[in-house]
Amino acid sequence: MISVVPDITHLKAQHRELFAAQPRYLRRLGLLALAVLLYYLFFFSVYGIDVSRLLNGCQQLGRYFLRMFVWQDFANWPFGYYFSQVGITLGIVFAGTLTATLLALPLSFLAARNVMHSRATRPVAFLMRRLFDLLRGIDMAIWGLIFVRAVGMGPLAGVLAIILQDVGLLGKLYAEGHEAVERSPSRGLGAVGANSLQKHRFGIFTQSFPQFLALSLYQIESNTRSAAVLGFVGAGGVGLVYAENMRLWNWDVVMFLTLILVVVVMVMDVLSSRVRKRYISGKAVPLWQPAGRD
Amino acid sequence: MTEFERYYQRIRRQQKRDTLLWSLLLVALYLAAGNVAEFNLLTVWQSLPHFFDYLREIMPVLHLPLLFADGKTSGSLAYWGYRLPIQLPLIWETLQLALAATLLAVALAAVLAFFAADNTRTPASLRLAIRAFVAFLRTMPELAWAVMFVMAFGIGAIPGFLALALHTVGSLTKLFYEAIESASDKPVRGLAACGATTLQRMRFAFWPQVKPIFLSYSFMRLEINFRSSTILGLVGAGGIGQELMTNIKLDRYDQVSITLLLILIVVSLLDTLSGQLRRRVVGETA
Chain Y
1 MISVVPDITH
11 LKAQHRELFA
21 AQPRYLRRLG
31 LLALAVLLYY
41 LFFFSVYGID
51 VSRLLNGCQQ
61 LGRYFLRMFV
71 WQDFANWPFG
81 YYFSQVGITL
91 GIVFAGTLTA
101 TLLALPLSFL
111 AARNVMHSRA
121 TRPVAFLMRR
131 LFDLLRGIDM
141 AIWGLIFVRA
151 VGMGPLAGVL
161 AIILQDVGLL
171 GKLYAEGHEA
181 VERSPSRGLG
191 AVGANSLQKH
201 RFGIFTQSFP
211 QFLALSLYQI
221 ESNTRSAAVL
231 GFVGAGGVGL
241 VYAENMRLWN
251 WDVVMFLTLI
261 LVVVVMVMDV
271 LSSRVRKRYI
281 SGKAVPLWQP
291 AGRD
Chain E
1 MTEFERYYQR
11 IRRQQKRDTL
21 LWSLLLVALY
31 LAAGNVAEFN
41 LLTVWQSLPH
51 FFDYLREIMP
61 VLHLPLLFAD
71 GKTSGSLAYW
81 GYRLPIQLPL
91 IWETLQLALA
101 ATLLAVALAA
111 VLAFFAADNT
121 RTPASLRLAI
131 RAFVAFLRTM
141 PELAWAVMFV
151 MAFGIGAIPG
161 FLALALHTVG
171 SLTKLFYEAI
181 ESASDKPVRG
191 LAACGATTLQ
201 RMRFAFWPQV
211 KPIFLSYSFM
221 RLEINFRSST
231 ILGLVGAGGI
241 GQELMTNIKL
251 DRYDQVSITL
261 LLILIVVSLL
271 DTLSGQLRRR
281 VVGETA
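So the sequence lines, in the order shown, correspond to chains Y and E.
Under the numbering used here, the letters of the first sequence match residues 1 to 294, in that order.
Under the numbering used here, the letters of the second sequence match residues 1 to 286, in that order.
Just so you know, the hints here were simulated from the structure itself, not pulled from any lab data.
Misleading hints may appear alongside valid ones.
[Unchecked claim] Here are the simulated BS3-like cross-link-like pairs (lysine-lysine), alpha carbons at most 25 Å apart as the crow flies:
| no. | chain 1 | residue 1 | chain 2 | residue 2 |
| --- | --- | --- | --- | --- |
| 1 | Y | K277 | E | K211 |
| 2 | E | K186 | E | K174 |
| 3 | E | K211 | E | K186 |
| 4 | E | K174 | E | K211 |
| 5 | Y | K199 | E | K16 |
| 6 | E | K174 | Y | K277 |
| 7 | E | K72 | Y | K283 |
Just chain E, with the same shape it has in the complex (with noise of 0.2 Å):
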């Protein structure tokens, strides 16, 4: 066996030593979480015929015939769709509650995380609480502040928008500030070299360069905040969430399908509609 060789194969056992170990712990790991979480080949064997048999439950009865005739014959689709009264209007106040939730969220936020950045200038002290309490915020699960303010305010749409908007202004503070972070610092000297005051130095050093990226993460937040708003109802803070809900333990088997229809294809409408904006938005400053 020549040197080269022994060395090759000294690196090799070492290799494979090492992937074996971290398969074992993460095989390890998987096993004990599964352990845990009642997770398991068998218990999953045993439930998934009971989701199979939720999904043909939930699937509506139309009769190919029947499919235009009026609302009180069984099979047709405004058979299918009697709720639609109420359920079209509860979608749309979901659509408010995400858009007005963000647009405030991403105004808070812009500022804080001038405030919460370690190259802006900003007292250590400051800086420091206010990455507290935005993790703090965003730690904090939607729904518990959803609760919080249903029992505060009572039952409607505006615990459910303060809701969305504290989650949203401490998940987007930690974006934008790392985002200034990763900022150049050059514009930034220059600027001061020349005299620039601190606002100054903000506007026209790190706002041009961090804008493209505040934008296209807030366009990302408003469709997370519309798929998270739909379960705000959950609590009575708004929106479609309590119609589902009450539809799927009322056992309305036709209403729960199309209930999460109208979701699906508002959340698709509203993908593609961002995305658009957001490439033209992004693509004209950047």
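This is chain Y alone, in the form it adopts within the complex (with noise of 0.2 Å):
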């Protein structure tokens, strides 16, 4: 006979497996949790400062939260100079990331396995790897700080630690695109005698494209974020706003550039995925109608 109300109790003694697995899983993220919380624990002990000093800094911080929001003397903003900076860190993104992507290109067919696969070749590639990985390891604002010291301040400082940052990083990614590609189209050009430069461009490029467009708007998006440290170390761009106007506790300023940078993002993301969609999944070409037939 069917019950209506299914026996619970019964259900659990017939499927003992299947109703251990909750209480298992608690279990686990239970532990987890804890874990967590003595990684805090010690992590505050060690590192933690004294209450009185805590609420004291929270006071601070409500202080500066409230004068974001009041625009004092508004009218009066050197705006030209403001826009001036987030422009240079516009010119300094564009310049660094497309030299970095025009020097990662033939840098990355050198790392990826699949194009350097004789005996001879694959140190090569091994290499390449390795020194993506030094040149991606050392943060942007390093660089930054390398190139202040090396060349001087300015934003050439800023575009040098750019390309040098982003030749690691997009190396290695647009490797590995390459590296993910079909086999097929090589192995065919190949049969009707394409040289091996051939082979790269028709059989490997072709496929990894989107992707390397892709990667490369991405990229330029990204270091519009993160250019802004630039500026902190002496390398150009609006950083230096940034910095010179949190000396002066002009938190009003830091707001608004913070929600002009929002903006410019906002915008980039737009403008780059109408670009990815233009060049990635094409325009229709009109096919040709044979005018006499049928």
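Reassemble the complex: the two chains are provided individually, in unrelated frames, and hints are given to aid placement.
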């Protein structure tokens, strides 16, 4: 006989395994939470600050945030200066990322294992990868600091910092794109007598091109966000304005600049998604309609 | 000329014109950007030798016969690493900063993301408010957050931790809510039809779908956070950055190279470790 209300105790006895899963899961979750809690206890006991300083600091923070929303003397701000610095940041990002793209593309072929597959060239791929790791492992601001010391203050140091960091990052990602391609077009091209350069151009790059474009566009966008730190170390751009105004307690300007950057990043997001759509999915070519048929 | 050839020429002309226009636009933008950023062949040609000179200068002086001599002899490994007792605790602190900030941010972002996604039936006003808030958090540069917290709490690791955590909440929430939005709707509707509550729908319909994505983004973010925690010290927010900046500014050349070497070693170790961990955790649950 089928009972309408399921007999839970009977079901539990029948499917012990199934009903044990939930308590086991909860137990594991509890253990994980406990571990995280213990870790934070350790972290705060080592690096923590005492309560009076914490309260005092929170009070200060409240004051900063209040000042962020009251824009005093808005009409007399040096807008020309702010916008020219934003423009310099965009210039640094664009020049840096584009140059890095141009440099990373040939290098990424040297790092792709399916291009460098013979015994003699495999060490080249390994070395290229280590070089990319080295360039990528050091943060943009640190490269900026080094370049400011080596070539002097100014936007040039920022451009060079972006180039070095991005050659590492983009080179690695492009190489992964080249490695993920389908092998058969290359083999087909080899069979009809293409040389190895033609095989790479038409067999590999045509397939990895969408990824190449998407990565470069994304990198321009993400660099716009992170290039603000370059100004803090003297490598040009909007970070300088941030640093100046924070020292002067102009929190309203800080807020204004952040809002401007939010808008700039959003506009770039829209633009890059349009370019992506145009060039990755492509525009339909009108097919040839033979007139004389049927 | 046949009709097909005419058609072919027409399409080809059109495509060539498009390519030419876009290339010209790109080149013009590139030149303009280079002009604004004082970046051109001449300045690069003049400044690259300085860079290579600097690289040559930061190379440590090591003499092979004296390699294992004591710290007083110039040319030994011990002489090169005489500040290691200061630097190693600092790099440990950097690592702790990155780990603590990432853990906290993952927890916060995972909760916020459910409220910010547009397929979880959150009120639109709350959703938009959260989205604007996290956009603000991630667009304000990490160093700006760090400067602010250093001014409020004084020099130390806690300002760095807070700055990093806030920035990470900003960027992870966006990635997380995009992951939730791309999750399939079918399990959700199925559970709703059985009379599941909102919490049960989140837990049993969305969570299993997005968990691997959340975990792999979190590991990726841990690697990124370690890299950015090395710069927090530039403004006094804890970690190895302070040491590195002093070394660069005071021209302690051999110490610059050993600090960079330490950072690189830890970054590559962390990359390998988190790659393996990610493969285990994600592979197990996927």
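Pair hint E:K174 and E:K211, alpha-carbon separation not exceeding 25 Å
15 Å, holds
Given the proposed pairing of E:K211 with E:K186, does the C-alpha separation stay at or below 25 Å?
With Cα atoms ~17 Å apart, E:K211 and E:K186 stay inside 25 Å; holds.
Between Y:K199 and E:K16, does the CA-CA distance stay at or below 25 Å?
23 Å, holds
Proposed proximity, Y:K283 with E:K72 (alpha carbon, max 25 Å):
70 Å, violated
For the pair supplied as a hint, E:K174 and Y:K277, is the alpha-carbon distance within the 25 Å limit?
Answer holds: E:K174 to Y:K277 is near 21 Å, not above 25 Å.
Do the alpha carbons of Y:K277 and E:K211 lie within 25 Å of each other, as the hint requires?
29 Å, violated
For a C-alpha distance cap of 25 Å, please report whether E:K186 and E:K174 respect it.
23 Å, holds
In this structure, the hints that do not hold are numbers 1, 7, in rising order.
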